[in-house]
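**Q** Numbering follows our numbering, in which position 20 of the sequence shown is assigned residue number 20; successive positions increment by one, without gaps.
Hints were generated in silico from the structure; no laboratory data involved. Just so you know, not all the hints are guaranteed correct.
Calculated cross-link-like contacts (lysine-lysine; reagent style DSSO-like; alpha-carbon spacing at most 30 Å) [to be verified]:
1. 289 with 260
2. 277 with 241
3. 241 with 293
4. 293 with 277
5. 260 with 277
6. 277 with 289
Pair by pair, the computed Cβ-Cβ distance ranges are [as the list claims (entries may be wrong)]:
7. 58 with 155: 23 to 29 Å
8. 74 with 139: 52 to 58 Å
9. 74 with 39: 18 to 24 Å
10. 291 with 120: 47 to 53 Å
11. 208 with 39: 50 to 56 Å
12. 212 with 135: 20 to 26 Å
13. 284 with 240: 39 to 45 Å
14. 263 with 58: 25 to 31 Å
15. 184 with 293: 28 to 34 Å
16. 139 with 306: 56 to 62 Å
17. 83 with 158: 46 to 52 Å
18. 139 with 172: 38 to 44 Å
19. 296 with 121: 24 to 30 Å
20. 184 with 211: 47 to 53 Å
Since the structure is predicted, the reported quantities are computational estimates derived from the model, not experimental observations. Glycine included, each C-beta is placed from N, C-alpha and C at the ideal position.
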Amino acid sequence: MLQIHYLPDQRTVDAGQAFTLLDVSLETGIPHTHVCGGNARCSTCRVLILEGLEHCAPRTSAEQSLAQQLQFDANVRLACQTEIQGEGLIKLRRLSLDAHDLELFHNQVIGKTSPHALGQEQQIAILFADIRGFTSFSEALLPYDVIYILNRYFQLMGQVISRHGGTINVYMGDGLMALFGVDHPDRAVERAIRAGLDMLQAVDELNPSIEALYQHRLRIGIGIHYGWTVIGSIGDPNNPKMTAIGDAVNLASRIEAANKQVGTMFLISEEAYQQVKEQVVVNQSFEVKLPGKTGEYSLYEVIDIAAAEPSETLPAPLAIAQRASQPRWLTALQQIITGLGHSFSKLIGLIFRHR
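Sequences and hints are given; from them, build the entire structure.
**A** Dropping the structure here:
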């Protein structure tokens, strides 16, 4: 019989028919943090094998990859990936275990946490936008005027992004990061690009009033990337903030910044382009070296996108949310116009019926 001795619990349990070390923990009720759900996508289930390493199967390819990345010693193993075998004793110490880990573990097991609280891998579209030269422009303004301009700008951008089913996730001075596809993955890149084009138009419509007041026109740069991120809640547990973490986020930020390098306003990555290449109008493409990245990246300057077909409206949950968030007077006006349209159609039908 194979037994597992846990530290710091000083508890020994029978492994039974369990397949991995994490299985033993979960089946015997021993708290064992596993934020990614036991998929070798995090290191929170890691253990230090003090005795009995010979009863542990060699690392899986997924564990080996993570072990090389984090430079694990041979006796540091991922419990979710470590298959156990033979008879004898394995003595181990869990390496992630404090009061917060215990609370996190119990919430994970009994389902108290939100779907994104512990982290969830998703492919999403990430949009970064930044006002060009705003720092030097704002230095000549009074602080209240700076706040006024930013509030006008962010209000407009928020309306556009929300209209296309996105969410502004982070404000960074005069920049923002918006996410598309977190809750509704349908056509995330397409919706992000439509939002970006509408953002550029909205800035053009805002500029006459800004120019009249401050003799200055706003210009923005936009970058979009499509890739894998971990969506999770960070910050104070009593007031958590959902955000996206991962290399895809960093890449999207660098793509936005590359607009300055190549003299454009709207760039998307190769991964984003492949999702919408039949719809977008590209002015030119570039092979660009991005700071902090190796090699060159293919970037595409977007100037337009094909009009949406009637069947390509927002997914039903997004359309409902959009209608719920708009002012009541606008909803009422839309209903009146729709009603008039139906009445007009009926009138035309009656005329032709009696001719």
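**Q** Where does the structure disagree with the numbered hints, that is, which hint numbers, in rising order?
**A** 2, 7, 10, 14, 16, 18, 20
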